[in-house]
Amino acid sequence: MVFAKPLAELIAQLERLPGVGPKSAQRLAFHILRMRDDDVRRLAIALTHAKESLRLCQQCQSVTEAEVCEICSDPRRNPVQICVVAEPRDIAAVERLNEFKGTYHVLHGLLNPLENVGPEQLKIRELLTRLRDTVEEVIIATNPTVEGDTTALYLARLIKPLGVTVTRLAHGMPVGGELDYADTATLLSALEYRREL
Amino acid sequence: MTEREPIRVSEMTLHDFRNYESETIHPAPGVNLICGENAQGKTNCLEAISLLSTGRLLRGSKDSLAIRHGATQARVSATLNPMGSALAVQLALGSRKKVLVNSVSLPRASDVIGRLPTICFSSQDLGIATGEPSERRHFLDTELAQIYPAYLRHLTIYRRALEQRNALLKQAQEGSFYPEAFEAWEDQMVEHGTEIRRIRQDWITWLNPVAQSAHQRLAPGEGFLLTYEPREQDLALALSSRREDLARGTTTCGPHRDELLIEVGGKAVRTFGSQGQQRTSVISLKLAVLESAREVFGFPPVLLLDDVFSDLDQNRRSALVSAALNEGGQVFLTCTEPGQVGGELLRSSTIFLVQSGRMGHHEATL
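In the order they appear, the protein sequences are chains A and B.
In terms of our numbering, the first sequence opens at residue 1 and continues consecutively.
In terms of our numbering, the second sequence opens at residue 1 and continues consecutively.
Honestly, the hints are just simulated from the structure, not real lab data.
Yeah, the Cβ is synthetic: ideal placement off N, Cα and C, and Gly gets one too.
Any given hint could be a false lead.
Across the chosen pairs, the derived CB separations fall in these ranges [as the list claims (entries may be wrong)]:
{"hint": "1", "chain 1": "A", "residue 1": "20", "chain 2": "B", "residue 2": "179", "range": "51 to 61 angstroms"}
{"hint": "2", "chain 1": "B", "residue 1": "231", "chain 2": "A", "residue 2": "49", "range": "35 to 45 angstroms"}
{"hint": "3", "chain 1": "A", "residue 1": "121", "chain 2": "B", "residue 2": "209", "range": "24 to 34 angstroms"}
{"hint": "4", "chain 1": "A", "residue 1": "16", "chain 2": "B", "residue 2": "201", "range": "29 to 39 angstroms"}
Keeping only pairs whose Cα atoms sit at most 25 angstroms apart, straight-line, the calculated SDA-like set for lysine to any residue is [claimed, not checked]:
{"hint": "5", "chain 1": "A", "residue 1": "160", "chain 2": "B", "residue 2": "240"}
{"hint": "6", "chain 1": "A", "residue 1": "23", "chain 2": "B", "residue 2": "95"}
{"hint": "7", "chain 1": "B", "residue 1": "97", "chain 2": "B", "residue 2": "23"}
{"hint": "8", "chain 1": "B", "residue 1": "98", "chain 2": "A", "residue 2": "189"}
{"hint": "9", "chain 1": "B", "residue 1": "98", "chain 2": "A", "residue 2": "183"}
{"hint": "10", "chain 1": "A", "residue 1": "23", "chain 2": "B", "residue 2": "70"}
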């Protein structure tokens with residue numbers, strides 16, 4: 001089917017988004033056409049406004065409106081602990097705990113040569129710069145995948161010689177989960193990293 | 001170790017799986033003979049059991065190809081005794097394979113491993129003796145993954161790290177070489193590759209005498225020897241040198257390049273063995289695997305024998321038959337002619353006749 005040119009253009013732009021295939025792009029485009037005019041305008045403004053007003057925090061590289069994000073500029077946060085995460089959304093997950101009082105650092109990805117992501121593509125140099133100040137512990141909170149684990153190893157190799165303690169989130173049994181239905185990999189690592197009571 | 005009661009399939013239902021539309025069978029605890037002409041669905045029946053056991057189809061077949069033509073979903077389910085637990089695998093077009101234990105979905109298909117231990121033996125296994133080294137590594141990997149879940153985990157991580165290192169080598173050939181980017185991936189390969197080698201090596205050491213005595217019964221007087229040959233002694237050192245790998249654009253050291261040498265009468269059976277020697281060595285090896293699985297699980301695994309009789313002479317046939325009977329576990333055996341099987345086994349078998357995706361229980365013993 002041939003679409004009118006503006007519609008084809010909209011579909012083409014939507015298709016460039018991650019996780020959006022040709023079918024979803026068409027569905028979204030037709031949905032937008034059926035939306036009320038001011039709703040569409042609000043969406044368009046939100047898109048450009050977000051892009052224009054947001055930047056990366058000078059310290060932690062998370063997404064922020066100011067030069068330095070709210071967490072990094074909060075005097076109650078303890079800057080001697082840095083929790084390293086892969087994506088900005090991972091900060092939200094740790095923040096929901098209301099437990100961690102240190103600061104964060106966002107890598108914006110994980111080492112993944114198959115996707116052409118090497119150390120140069122990640123915010124690793126920025127992290128090392130921050131370690132010139134007094135930092136006691138770097139907590140690596142990347143996902144427990146092969147890429148997450150390897151990125152953690154890579155960072156540990158860089159950071160440990162600087163005399164900073166490097167820790168990694170534990171992997172183990174999900175709380176409230178049933179042993180019989182646990183996945184083998186999780187159960188194996190829970191057994192390997194068991195601890196004395 | 002005290003023997004536990006073997007885990008067996010007491011009921012199995014195939015729904016739109018391969019050429020089966022809807023079929024339920026009640027296998028016997030002992031030997032089940034699945035007879036039929038070629039291309040009627042004998043192997044598909046064994047494959048269904050193997051799928052329940054490993055979460056995977058035979059010979060790396062694609063899940064979507066196992067869904068019956070015209071259907072959108074296939075389902076294989078079984079009741080396992082003595083516990084009476086229910087195991088099911090669902091294959092659906094356009095969505096992930098699901099494995100259910102008592103109706104609860106497991107996180108990953110491979111997590112099913114260990115619930116219904118099986119050992120599969122088909123005429124294609126001859127490739128272990130005759131084929132490229134990759135066939136022998138494939139043999140080690142499939143059998144060990146079934147016996148030790150930790151092995152599968154080391155293998156999965158090793159393979160992923162290997163892929164990533166190879167990607168780095170390709171990038172280096174195109175001009176962007178960052179030595180420090182290699183180290184973390186190599187650390188992973190060393191850690192998990194060393195474990196892979198240790199487990200393979202220990203297993204071969206254990207298998208050797210068991211396979212030797214099986215071989216002795218089949219071919220008295222001919223010496224039999226298994227040797228695990230790592231490509232290099234020091235994996236960390238080999239990986240860190242990188243020169244050859246950079247030139248070739250791929251990783252030339254590590255357990256994915258190791259060899260399992262099989263010797264009969266002091267000579268490599270792959271190159272110098274007769275066809276008969278090659279068959280005997282594969283049977284001896286497989287009988288040793290069966291023994292190993294029995295030792296680990298504490299009971300004999302379900303034995304799947306796919307069309308193994310057509311190529312064998314009387315001597316090897318009866319060795320296999322008596323091994324199958326002596327184990328005392330459940331056996332599924334396919335053949336085109338019940339006559340191939342021989343009186344002893346036939347008398348103790350339950351027979352199913354397969355014709356175009358239907359399985360009839362054959363009442364009269366032949």
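Okay, the hints, checked on the actual structure:
no.	hint	in the structure
1	A:20 to B:179: 51 to 61 angstroms	38 angstroms, violated
2	B:231 to A:49: 35 to 45 angstroms	58 angstroms, violated
3	A:121 to B:209: 24 to 34 angstroms	53 angstroms, violated
4	A:16 to B:201: 29 to 39 angstroms	50 angstroms, violated
5	A:160 to B:240	21 angstroms, holds
6	A:23 to B:95	17 angstroms, holds
7	B:97 to B:23	21 angstroms, holds
8	B:98 to A:189	23 angstroms, holds
9	B:98 to A:183	13 angstroms, holds
10	A:23 to B:70	23 angstroms, holds
Violated hints, listed in ascending order, are 1, 2, 3, 4; each of the other numbered hints is respected by the structure.
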